[in-house]
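**Student:** Below, each chain spelled out in residue letters.
Number of protein chains: 2
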Amino acid sequence: MAKEIVLALDAMGGDYAPEVVVRGANLARIRYPGLRFLLFGDEARLAPLLSRFKRLAGDTEIRHADEVIASDEKPVVALRQLRDSSMRRAVDAVHSGEAAGVVSAGNTGALMALAKVVIKTLPGISRPAFASTFPTQRGESVMLDLGANIECDAENLVQFAVMGEVFARTVLGRQRPIIGLLNVGAEELKGTERLQEAAIRLHESELPIEFHGFVEGNDIAEGTVDVIVTDGFTGNVALKTAEGVAVLYTEYLRAAFRRSIISRLGYLLARPALRHFRDRVDPRRYNGATLLGLNGVVVKSHGGTDHKGFANAIGVAVDMISEGFNAKITDELHRLHADHAPEPATVAL
Amino acid sequence: MAKEIVLALDAMGGDYAPEVVVRGANLARIRYPGLRFLLFGDEARLAPLLSRFKRLAGDTEIRHADEVIASDEKPVVALRQLRDSSMRRAVDAVHSGEAAGVVSAGNTGALMALAKVVIKTLPGISRPAFASTFPTQRGESVMLDLGANIECDAENLVQFAVMGEVFARTVLGRQRPIIGLLNVGAEELKGTERLQEAAIRLHESELPIEFHGFVEGNDIAEGTVDVIVTDGFTGNVALKTAEGVAVLYTEYLRAAFRRSIISRLGYLLARPALRHFRDRVDPRRYNGATLLGLNGVVVKSHGGTDHKGFANAIGVAVDMISEGFNAKITDELHRLHADHAPEPATVAL
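Protein chains in written order, with this note's numbering: chain Z, 1 to 349; chain H, 1 to 349.
Keep in mind the hints are simulated off the structure, nothing from the lab.
Among the hints, a few may not be true.
You can't tell identical chains apart in this list, so a pair holds if it fits in one copy or across any two.
Stated by the list, open to error - Okay, derived cross-link-like pairs now, DSSO-like style, lysine-lysine, Cα gap no bigger than 27 Å in a straight line:
#: 1; residue 1: 190; residue 2: 54
#: 2; residue 1: 190; residue 2: 120
#: 3; residue 1: 54; residue 2: 120
#: 4; residue 1: 116; residue 2: 190
#: 5; residue 1: 54; residue 2: 116
#: 6; residue 1: 328; residue 2: 190
#: 7; residue 1: 74; residue 2: 54
#: 8; residue 1: 3; residue 2: 120
#: 9; residue 1: 308; residue 2: 190
#: 10; residue 1: 308; residue 2: 3
#: 11; residue 1: 74; residue 2: 190
Just so it is clear, the structure is predicted and the values come from calculations on it, not from any experiment.
If we strip away everything but chain Z, and leave its shape as in the complex, we get (with noise of 0.2 Å):
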C-alpha cells in the first residue's frame, strides 16, 4: 500500500459493534501504515472506546451519526427514512469522494440498497454483484454473485465475469484467472439458454479472459478455476450449502474425537495439526463480501464476526483500493464495449 487511503466505517453495524470495529480497525491500522478511518455511529460510545487506542484515535476522525440501522429493517426504510444513520452517512462519505470505500457489518439489504443509489454502479456494469473468496484444494477461488441479484441474464453473466476476473487479479494476486459458469454439466448444451448465450459471448470475447467454459458445484471447492460466476440465487445457496457443510464435517470430527480416552489422547497429539486444518477453513479468513461495480469500494463484513474478521474485510478494501480495481474493471468494459462495436458501415451496391 503505497500512498494514503481513507475509509468509511459503519461503526454501528453488525452484531458486535461498536466494539468489534474499532477492535477491527485497530488491527488493520497496524498492518496497513497510511490508512486514515472516518468512523460513523454514536460518538458518546465511540469516543471512549476509540480513546483505548492512541495510535488508532490519531488516524481516527469520529462523525456522529444519530440513528442505527437495525438488521432487520427493511431496504426501504433504510434508504428513504434514516437518512442519519451511521451505514448511510459512511456511503454518503463514498459518494462525495471524502473515502474511497466503505466497510460495514450491518444489514446487508440496506447497504446493497444505499450503494446502488448513493454510489451508483461503474459506466457499463447494469448491477453491482457480491463477491467473496473461499477455499480450495488448490488456494483459494471468487466466486461472485451470491445473492444481490436473484436472476441475472446472459449480459449480466458477461459483466460479472469481468469483475471477477480483475478481482482475481487484484486482490488474489493470479497473472491470468481462469473463469468457470456455474452450471449443471460441463457439455455445451446443458443448462439454461441465459448460461449458453454467456458461455458463447465469453468464448467470442476479444477480452484478456481465460475462460474455461462451464463448471458444476463440486468444481467450486476443487478449485478447478480461479472465477465461479452464477447468478445470485445459485451462488448464494451454493454458498451456504457449502457453510453447512463445513460446519458439519468439523461436528462429526469432534464427536469422533470424544468416542474413547484412547481417541482423545490422539486428538492432543494431532493438536497443532488439527489446528493448521481450523486455520485453513477459518471463516475469520474469508470475511469481507465485497458489492463490485459501484463508483467505490463497498465491502460487507459478516454481522457475527470478531475484530480478526473485521480486519480482514477492512483489508480486501484496502487491496482493491490501492490495486485500482475500478479503474481496471471500466478498462475492460471498455474493451468489451469495443467488441461488440457495430461493424463499420458499408455502401449497399
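Following the hints, complete the assembly by docking chain H onto the known chain Z.
**Tutor:** Chain H in isolation, oriented as in the chain Z frame:
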C-alpha cells in the same frame, strides 16, 4: 419386506459393470430375502459371473440384451436407436409389469429419458424428479429435484413437496416429515415469484404436510427439515457443492495428520474413531438417486460405485416398493387436487 419383489437390473451400466451389479445384487439378496432379479445384459459375460453366486443364481433370471448405452451417449440416441440395450430392456420390464422397479448405474440422461417415455409419470405428476438422501446434523434428509428439471414452476415444486414427503415417510421412516423450500432467505418476500407462489400453495394446502417455509443452503446439512424442495438446477449445484466441500475437508484432514510424526501417532490412536467419522459421510451409504413420480420405481446408482453402494441403491428400490410408495403419492395427489377443486356452484340471488 413381506412378499416377493422382482427388480430389473441393468447389468451393463456403470464404470465397473457387470461385476459390481452382480456382486451388489448378491449382497442385497442377503439383506432382503424374497428379492428376485431380472438381469439384463450380455449373457456370455453374465452367466459365468452369476455362477459364482449359487443362491443368487437361483433367484435370478438372465435376459440377454445385445447393446450397451455408453456413458456419454446422447439420450435421444439411447431412446430412438438402441432398442435392445440392457437399460432399455430393464426399463421395459417395469412397463410390462414383470418387474416392480429398475436399478441402473448407467447413463443418467438416458435412464431419465427412457423412464419418462416408457414407464410414464403417475397421474397428476407433470414431471419426475431426482431425489436422494444425505447426512445432516440430525440424521438424514432427502432433497429433490437434483437435476431432472432445469427450470420448474410453482406447480412442479408443490408436486415435488408431495413426493418428497412420501419418500421421507416410506424410505427414511419419518412419521411426520417437515418440508422446506430452498431459497436465499427465510423471509416470506425473498426469492423468485414461483417460489413465493409455491410457498403460498403449500401453506394453504390441506394436505397432511408439515410445511416449514423457506430454508437456506446451510439448512441442508443442519437438518432443519426432512425434505428440501428445489428446482433441478439449484438442487444439482447444491448437491455437488456439498460433495466438493466434503472432499476438500477430507484432504485437509489427511494433510494435517501428515504434518509431523506426533500428529501421525495421534492419527493412529484416533483411527477407530476416525473410521466412524468416515462411515458417517461414506458416499456409498447415500448411493441411489431415485427418479420419483413414475408408474414404477426407478433408481439411479452412481456410475463409479462399488458393490456395497450398488446394494444400497437396490435397498432404496426395495423400500419404495415394499412401502407402496407410488400408491401413497397417488393418494396424496388426489387430496391435493380435491383441495383445489372449484366450490360447488351457488345460485345467485
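**Student:** Hint by hint, note whether the structure agrees.
**Tutor:** A quick look at each hint next to the structure:
no. : hint      : verdict
1   : 190 - 54  : neither (58 Å within a copy, 44 Å between copies)
2   : 190 - 120 : between (35 Å within a copy, 23 Å between copies)
3   : 54 - 120  : neither (36 Å within a copy, 74 Å between copies)
4   : 116 - 190 : between (33 Å within a copy, 19 Å between copies)
5   : 54 - 116  : neither (35 Å within a copy, 71 Å between copies)
6   : 328 - 190 : neither (32 Å within a copy, 33 Å between copies)
7   : 74 - 54   : neither (37 Å within a copy, 69 Å between copies)
8   : 3 - 120   : within (25 Å within a copy, 68 Å between copies)
9   : 308 - 190 : neither (42 Å within a copy, 31 Å between copies)
10  : 308 - 3   : within (24 Å within a copy, 62 Å between copies)
11  : 74 - 190  : between (37 Å within a copy, 12 Å between copies)
Hint violations for this structure: numbers 1, 3, 5, 6, 7 and 9, all remaining hints satisfied.
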